[in-house]
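Enquirer: Here is what each chain is made of, one letter per residue.
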Amino acid sequence: MKRENIIEVKDLTKKFGNFTANDKLTFSVRKGEVFGFLGANGAGKTTAIKILCGLSKPTSGDISVVGYDVYTQPEEIKKNIGYMSQKFSLYEDLTTAENFRFFGGIYGLKKAEIKQKTSFYLQQLDMENARDKIIQSVPLGWKQKLAFSIAVMHEPDIVFLDEPTSGVDPITRRQFWDMIYNTAREGITVFLTTHYMDEAEYCERVTILVDGRIEALDTPMALKKQFGGSSMEEVFVKLARKKLTVDG
Amino acid sequence: MKGFIIKEFHHIFRDVRTMIIIFGMPVVQILLFGFAITTEIKDAKIAVLDHSKDRATREITNKLVASGYFLLESDLQSYDEIEEYFRKGDINEVVIFESNFENKLKKNEQPSVQIIADASNPNTASLLTNYTIGILSDYQQQISGGKKQGVIAETKMLYNSELKGVFMFVPGVITILLMLVCAMMTSISIAREKELGTMEVLLVSPLKPVQIITGKVVPYVLLSFINAVTILLLGYFVFGVPVRGSLILLLLESILFIVLALSLGIFISTISKTQQVALMISLAGLMLPTILLSGFIFPVENMPVPLQWVSNLMPPRWFIIIIKTIMLKGVGLAYIWKETLILFGMTLIFLGLGIKNFKIRLE
Chain Y
51 MKRENIIEVK
61 DLTKKFGNFT
71 ANDKLTFSVR
81 KGEVFGFLGA
91 NGAGKTTAIK
101 ILCGLSKPTS
111 GDISVVGYDV
121 YTQPEEIKKN
131 IGYMSQKFSL
141 YEDLTTAENF
151 RFFGGIYGLK
161 KAEIKQKTSF
171 YLQQLDMENA
181 RDKIIQSVPL
191 GWKQKLAFSI
201 AVMHEPDIVF
211 LDEPTSGVDP
221 ITRRQFWDMI
231 YNTAREGITV
241 FLTTHYMDEA
251 EYCERVTILV
261 DGRIEALDTP
271 MALKKQFGGS
281 SMEEVFVKLA
291 RKKLTVDG
Chain X
16 MKGFIIKEFH
26 HIFRDVRTMI
36 IIFGMPVVQI
46 LLFGFAITTE
56 IKDAKIAVLD
66 HSKDRATREI
76 TNKLVASGYF
86 LLESDLQSYD
96 EIEEYFRKGD
106 INEVVIFESN
116 FENKLKKNEQ
126 PSVQIIADAS
136 NPNTASLLTN
146 YTIGILSDYQ
156 QQISGGKKQG
166 VIAETKMLYN
176 SELKGVFMFV
186 PGVITILLML
196 VCAMMTSISI
206 AREKELGTME
216 VLLVSPLKPV
226 QIITGKVVPY
236 VLLSFINAVT
246 ILLLGYFVFG
256 VPVRGSLILL
266 LLESILFIVL
276 ALSLGIFIST
286 ISKTQQVALM
296 ISLAGLMLPT
306 ILLSGFIFPV
316 ENMPVPLQWV
326 SNLMPPRWFI
336 IIIKTIMLKG
346 VGLAYIWKET
356 LILFGMTLIF
366 LGLGIKNFKI
376 RLE
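Quick mapping for you: the protein sequence lines, in order, are chains Y and X.
By the count of the working numbering, the first sequence reaches residue 298 at its end, each step adding exactly one.
By the count of the working numbering, the second sequence reaches residue 378 at its end, each step adding exactly one.
Treat the hints with care, as some may be off.
[Stated by the list, open to error] The list that follows gives simulated cross-link-like pairs (lysine-lysine, BS3-like), each with its CA atoms no further than 27 angstroms apart:
hint	chain 1	residue 1	chain 2	residue 2
1	Y	Lys-165	X	Lys-122
2	X	Lys-223	Y	Lys-129
3	Y	Lys-183	X	Lys-339
4	Y	Lys-167	X	Lys-60
5	X	Lys-223	Y	Lys-161
6	Y	Lys-107	X	Lys-223
Hints listed in this document are in silico derivations from the structure and should not be mistaken for laboratory results.
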């Protein structure tokens, strides 16, 4: 089955002074895919995701997201993507329903739509009794699930998740992945970063970033075969070590 | 946009500290400045060392006490006591009459009165001696039967005939509070979104930076405006501070100043990453200069020249002139267009800087 590409990146480079955070990244993401960026802290995952979302300008490279160019059409891109940042990013002093209302509002959803979506997601998450609770009083795992629902409530083409599961307990992480799969099934492309190796196994395709460079990109299965590891963790360690010996 | 403003109001109304700063502070400050910090003198304790004890000295002493400024604490008997009374801190001033006072007065021999004041508080001391001299010369005129001798100075205190401190503080407090609420609260609330990560989400959304900024500041414009009006009302009804000029002009100028303070706040928020930093910059960069350099408490004319230059850069300095002129002198725009223009220019500069920096943050 041939699917069209929704993100195309060629030679993306981002420099901060002398430091190169992203070094000539080239990859493409297919529509409806669950695409993972795997790497240690500081490998350049967040920098890359910020560039794709239009939060940060690349130093050089050709990049298109949802068919729009990041240099000239950032506004069009913004309308068609959802984003969940590394930090927890709902308003702590608003209630669940107020957060839905606010974020729905800034994406231009109608009042009735927002109401209907709020009920839909709360029901799906089995959190109807938290509707009028201040977010602060809601447990972290629930908050993350809410943040994800809010990131996709305007039905974007792609949703970017920057380390969505850091600091969340294993059960919630499992549920979170169920949500990610459901979203992908609805046709929304999921682009996520993670430093959990086991999560890399859940992705359709994985890019391994080491020091701002792409060291490998393929399905978890193929990567394990290629680098002769039984798990993604082994693959990653091998790649990171190879890097060390080359440098050393 | 509407949703944004509603959300901002939720933030404000749900945070006790914010509420206290916005609504508690104006009232507390105006009452504090109005009642507690006062430059007027009432019931200052004095002692009299009377070497002649005749009709004239008694009359003068009575006149001093009757003025309401002084309370006669004790009659001293000798010079030795003076030092002791001052050391104990019981009295602020001693008035000494030489002997044969009345006789000399009648013979036109110019008897002398010595006034000794406790100048460990210089302002009070000079005020007290001035009052005393005033009362003495008044008495002199009285006994000479209104015959004018030499040069008689008649003073009239225009615009604030009773020299009430509140007249000075109400404009000052309005200025400080508008500065504080607008600049500090907006810079903190924008910095808070940065710190908590919600700013990223806003920037990824289709909202334009201008919309984000507007959404953040509109609630503070409204609240600051309400604040300014509250202080004016308090000043008027509690302390009798009048608004002699055009109220509409006063409110318009206030709005101009509010917008200026807001643009300063936006500018501060673009250079600070956390709420703490925003708070520190606002306090050190705005609060203190507003109080010290704006001419609110210390007259600009008395400052060293370099500080006067710095003072020219302080927006509050010009606003205080404007607001005092309108409230106390009751004149119109013709007399304050220069200051208004300066505020206007400053607003444009800070707004420009703020928006430019805000955009750079995006990239």
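Enquirer: None of the hints should be skipped; say for each whether it holds.
Expert: Tested hints:
1. Y:Lys-165 x X:Lys-122: 99 angstroms, violated
2. X:Lys-223 x Y:Lys-129: 11 angstroms, holds
3. Y:Lys-183 x X:Lys-339: With Cα atoms ~48 angstroms apart, Y:Lys-183 and X:Lys-339 exceed 27 angstroms; violated.
4. Y:Lys-167 x X:Lys-60: 75 angstroms, violated
5. X:Lys-223 x Y:Lys-161: This hinted pair holds, its Cα atoms lying about 21 angstroms apart.
6. Y:Lys-107 x X:Lys-223: Since the Cα atoms of Y:Lys-107 and X:Lys-223 sit roughly 16 angstroms apart, the hinted pair holds (cutoff 27 angstroms).
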